[in-house]
Amino acid sequence: MTATADPPLDPTEVVRVHVPHRSARSELRAIKIVWRRELIRFVNDRMRIVTSLVQPFLFLFVLGGGLQRLASAGTHGVNLKTFIYPGILCMTVMFTAMFSAASIVWDREFGFLREMMVAPVRRSSIVIGKCLGGATVAGAQGVIVLAIAGLVGVPYAPGLIFGALGLLLLLAFAITAFGLSVAIRIKQMQSFMGVMQMIVMPMYFISGALFPSSGLPTWLTVLNRVDPLAYAVDPMRRLVFAHIDISAAARRALDPGIHWWGWRMPAVLEICVVLLLGLGLLAVAIWEFSATE
Amino acid sequence: MSTTDTAAITVANLRKQFGEFEAVKGVSFEVGAGEVFGFLGPNGAGKSTTINMLCTLLTPTSGRARVAGHDVVAERDDVRRNIGLVFQDPTLDGYLTAAQNLKLHAELYGVPTKLVGPRMEQVLRMVGLWERKDGQVMSFSGGMRRRLEIARGLMHSPRVLFLDEPTIGLDPQTRRSIWTYIRQLQEREEITIFMTTHYMDEAEWCDRIAIMDQGQIVALDTPERLKAGVGADRVTLQTDDNDAAIAALRERLGVQAQIAEGAVTFRIQAGEQFVPRLFAEFDPARNPDLPAISSVSVSRPTLDDVFMSFTGSTIRDAEEDPSKLRNRVMMQMMGGRR
Ligand SMILES: Nc1ncnc2c1ncn2[C@@H]1O[C@H](COP(=O)(O)OP(=O)(O)O)[C@@H](O)[C@H]1O
Ligand SMILES: [Mg+2]
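As you go down the protein sequences, you meet chains B and G in turn.
The numbering used here puts the first residue of the first sequence at 1, with every later residue one more than the last.
The numbering used here puts the first residue of the second sequence at 1001, with every later residue one more than the last.
Hint data in this document are derived by calculation from the structure and do not stem from the laboratory.
Note that the structure is predicted; figures quoted are calculated from it, not measured.
It is possible that part of the hints are untrue.
Stated by the list, open to error - Computed list of lysine-lysine pairs in DSS-like fashion (alpha-carbon distance at most 30 angstroms, straight line): (1) G:1133 / G:1114; (2) G:1114 / G:1103; (3) G:1133 / B:32; (4) G:1133 / G:1103; (5) G:1103 / B:187; (6) G:1025 / G:1227; (7) B:187 / B:32; (8) G:1114 / B:32; (9) G:1103 / B:32.
What the hints assert, rightly or not - Stretch by stretch, here's where chain B covers chain G in the computed footprint (C-beta under 8 angstroms, at least three residues): (10) 1074-1087; (11) 1091-1104.
What the hints assert, rightly or not - On the chain B side, residues computed to face chain G include the following (Cβ under 10 angstroms): (12) 14; (13) 30; (14) 34; (15) 36; (16) 62; (17) 117; (18) 120.
For every residue, glycine included, the Cβ atom is placed at its ideal position computed from N, Cα and C.
Chain G on its own, in the form it takes in the complex (with noise of 0.2 angstroms):
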C-alpha cells in the first residue's frame, strides 16, 4: 500500500448530498501512483458523483481529496491541470475533425505551441487513429469515440486519467480492445488511472478495484484477493447417473453437491488440486460400480460472487435499465447529425 506522499489520489470522508438524498455516504481510499484503480457498482451506486468531485466538476458537502497532489475544492486549478478526464457521456464536438477537437483541447489546457503537433501524432497513434486524424467525429463509430475521448483526454500529458465508464455501450470486442489501450498507456505513460464500470468483468483489468454499492465501499483489494476471500472454486460434473454420483461425492469424499441445469455442481477450495483425487475415486478400473465422469469444470470465484458476497444481490440485478440506454444511442445519433 503506497503512502500519502505517493499517493496520486488521497480521499477522506467523502460525502455529497443531493437535497434529501446522499449519493456519496463518506468513502476513504487511497490510489498510489501508476496504479490503474477501478470503482466497480451497479448504476445509481455514487461512481460518477465521486468521480467528478475527484475531478473538480462537483463540490463536495464534506470530507477531503487530494488528486496529484492538491486539493480538490482549494486548487481546483492545479488539479484541473493535472487530470485528464473521459466522461460517462459523450463530449466531442461532431463538427470538427478529431485532429480539431484535440486542437481545441492543447488550446485551452495552454500545451505550449511546439508541442501540439507532436503529442497529438503521439495519442493519436496510441489509440490508433492516427490515420482518421481529418475525419470529421461524426462520422465515426462509438469506439472510435471513445478512443478518441481517450486520446484527448491524454493531450495535455495528465498525471492522472479519469475514465468514467469507458466502455459504456460499446460492443465486447471493442471494449477489449479499449483496454488493451488503456493498459498500454499506463505503461507507456507512467500515469495513474481511476476508473469506474458496472461491467464485472471489466474490472478483472485493474490493479485494484473499490466495490461500491448505495454510496459506500464495501470491498477494496486486488481483484485476485478479493475472490480469493470468497474462497471456494466451483466444480461441475457431466455423469451418466447424477443421484449416483452425489451420493458416492458425499460418502467417499465428505462432499456436499446438488444438482443445477442438469449437471452436478459443488464448492470446494483449491478446486484444481481436488479433481485428481475426484478421478482416482471414480476411476472404472477400481471402482467399477461408480457412474462415469464425461466431463468436469472447475472455475474460480468471480467478481459476481464477490459483490454478491457483499452486498446480498448481484449487481444485474441493479444493472442497467435498457430504455436509459436507448436514449443514450439517440443522443448519440443526434448529436452526429446536430
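One chain only, chain B, in its complex shape (with noise of 0.2 angstroms):
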C-alpha cells in the first residue's frame, strides 16, 4: 500500500504546537487519557465483557443453583444463589480487575510501553492512570452483575445499589493496584497469568465470599483473617443481607462478620483496611516503575 493516489501536500501554513513544561495539569492530562484508553479497550473489546462473565454466572447459576438442595438446611431457608451474591459481585470486579493489571505486560510485550515511558510526564501518572483506569472497568462489569440481583432475590434499593457500586470500585481499585505491582515485575503473559492463579484463586476460595466465615477449622480461620480480601467480601454481604428480609437465625449464621477475639469488626474499619491495602501496593506499583529503565 503507498499514498500514491493522495493529493500533494496542501501549502497552507504548518501547524506548529509547543510542548509545555511538565506541570500538574500535564500530569493530569496523562492520567486522564491512560485512564480513557482502558475504557475505550474496553468497550472495543466486547469479547472479553462476555468472557469476564462467563466464570461468575457459573458459579451463582449453576454452583448455587446445584448446591441449592444440599444447602438448604444450613441456609435457613435462604436461596444459596442469594447468599454467594455478595461473593459473586466480588469475584466479578477482582478477576477483571487482575486482567486490566495484566495489560501492562501486554503494553509491555507490544511495545506500547515504550511510547507511554518516553513522554515527558511522571512515571507514577501512567501508573495511577492504569490503575484508575482498570478499576472503573471493573467496576462497570460489576454493575452488569450488579444489574441481575433481582434474579437471585436481592431487592433494586438505591441504598445497596450505590453502596456496592462503592463497594466494588474500591475492590477493583485495590486489586487492580496489587496486580499492577506484580506485572511490572512480568515480562511475560504466561507469567503473570500463571502468577495469579496461584495467588488470586486461593485468596477468593480463603475470602469467605462462598461460606460463611464462622465455625471454621482453625486453620481456615486463620488463613481466612489474614486473608485481604475477606475484608472486601464481608462488607459486601453486610450490605446485601441489610436488604433482605430473612430470620434472626439465619443472619447470625449467614453473615457472622470478621471476629477478632471475640470483637466484630466494624464495616468502615474493613473498607478502611481494603484502601490503605489498595494505596500501599499502588505506591509499591509506581516505586517499581519508576526503578525500570
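Make one complex out of these two single chains by using the hints.
Laid out in C-alpha cells, this is it:
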C-alpha cells in the first residue's frame, strides 16, 4: 500500500505546536488519557466483556443452583444464590481487575509501554491512570452483575446499589493496584497468569466469598483473617443482607462478620483496611515502575 | 560543517557498556539543524543503543550528548519534549484507531488542546492516512503502521525526529514511499532527522551518513564523498571475444581487466569519460581486427563498496538472521489480534 493516490501536500501553514514544561495540569492530562485508553479498549473488546462474565454466572447459577438442595438445611431457608451473590459480585470485579492489570504486561510485550515511558510525564501518572482505568472497567463489569440482583432475590434499593457500587470500585482499585505491582515485574503474559492463578484463586476461596466465615476449622479461620479479600467481601455481604428479609437465626449463621478475639470488626474499619492496602500497593507499583529503565 | 550552537545533536565520546560487552565504544559526531543524518551499519553494530542513549531511554556509561540544546542525562525532560521517536519495534495500540493513537500521544505530551485537531489532520495528511483516521490500527498494513508511527512522532512538532530502522521489514515500494515522506517532512517542518538503517541503498537519501561497525564510527561524510573516496567506477563490457578484448585493453589503453560472470570488467577513475576513448579505440573502421563490443555499462561505487573498504567485509555478511525477521512478523500479527 502506498499513498500515491493522495493529493500532494497542501501549501497551507504548518501547524506548529509547543510542548509546555511539565506541570500538575499536564500530569492530570496524562492520567486522564491513560485512564481513557483503558475504557476505550474495554468498550472495543466485547469478547472480553462477555468472557469475564462467564465465570461469575457459572458460579452463581450453576453452582448456586446445583448446591441449593444440599445446602438448604444450613441456609435457614435462604436461597444459596442469594447467599453467594455478594461473593460473586466481588469475584467479577476481582478477575476483571486482574485482567486490566495484565494489560501492562501486554503493553510491554507489544511495545506500547515504551511510547508511554518516553513521554515527558511522570511514571507515577501512567501507573495511576492505569490503576484508575482498571478500576473503572472492573467496576463497570460489576454493574452488569449488580443489574441481575433481582434474579437472585436481592432488591434494587438505592442504598444497596450505590453502596455496592462504591465497594466494587474500592475492591477493583485495590486489586488493580495489586495486579500492577505484580505485572510491572513480569515480562511474559503466561507467567503473569500463572502467578495470578496461584495467588488470586486461593485468596478468593479463603476469603469466605462462598461460605460464612464462622465455625471454620482453626487453620482456615487463621487464613481467612489474614486474607485481605475477606475484608472486602464482608462489607459487601453485610450490605446485601441488610436489604433482604430473613430470620435472625439465618442472619447470625450466614452473615457472622469478621471477629478478632470475639470483637466484630465494623464495616468502616474493614473498608479502611482495603483502601489502605490498595494505596500501599499502588505506591509499590509506582516505585517499581519508576525504577525500571 | 555546523558549529556547536546551531547543532541539533552533539555527541562526544559516548559509550555504553552492557556488563562485559561494550556495545558503543566511544562515538563522537555532530548533526546540524535541518540535516537528515543516517547511521548505517549491520545488525548489532550499536545503532539502536546509540539512538536510545540520545533519546534518554538508556543512560550512557560515559561521554556526553546534547540533543536540541539539552543534555540527555541532566535535562532528560527537556530532551523528551523536543524529540519525536519512531522505534525499531512497533509501539502502536492496535485496539485504538489511528486518530486515538495520535490523540493519546498529544495528551501525554501536553499539546495545547486547541491545536490537537489541526495538527493531527496535518500529520495524517502528510503520511497519507487522513482518510483512514478512524480505522482500527490492527487492520493496518505494516507500511501504514510505520507511516502512522511517523505521524505520531511528529504530533508535538519535535525539533529532532529519531527513526530507528523506519523501513525494516517493508517491501521496496513502501520503503520508497516512506522515504519520500521523510524528505517532504524535512523540507516542510524544518526538522532534524536522525535515522538508522542497515539497507545500503537507503543511506543514499541522507545528507550525511555515519558508517558504524562493532560499536564504532568508521566513516562519516556525505554519501557522494564517501563513494568518491573509494575512487574508481566499475566498467563492464560485453564483447564477442573476451580474451582478445582483455589483451587489447591492456596493450592499447593500459587497463587491467578481468572476466567476471561472463563479462569483461575493470575499475577506472571517471568511468564515463573513459567510454568515448574506449569506443574510439575499438572503432571497427579504425581497428577492424579488435573484438566487437555489444554493450557497456559504467557504475559508480556503491555504499557497499564504501562499507567494504572501511571494514573489510560486506554488510550483508552481518545481515539480518532470517529467523529473527520471522519472529518480528509474528509479533506484529499477534499485536494485531491482542
Ligand atoms: N540491553 C542489552 N543488554 C545486553 N546487550 C545488549 C542490550 N542491548 C543491545 N545489546 C547488544 O549490543 C549490541 C548492539 O545492539 P544494537 O544497538 O541493538 O545494534 P543495532 O541496532 O545496530 O542492530 C548487540 O550485540 C546487542 O546484542
Ligand atoms: Mg537496531
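*Sort out which numbered hints this structure fails and list those numbers smallest first.*
16
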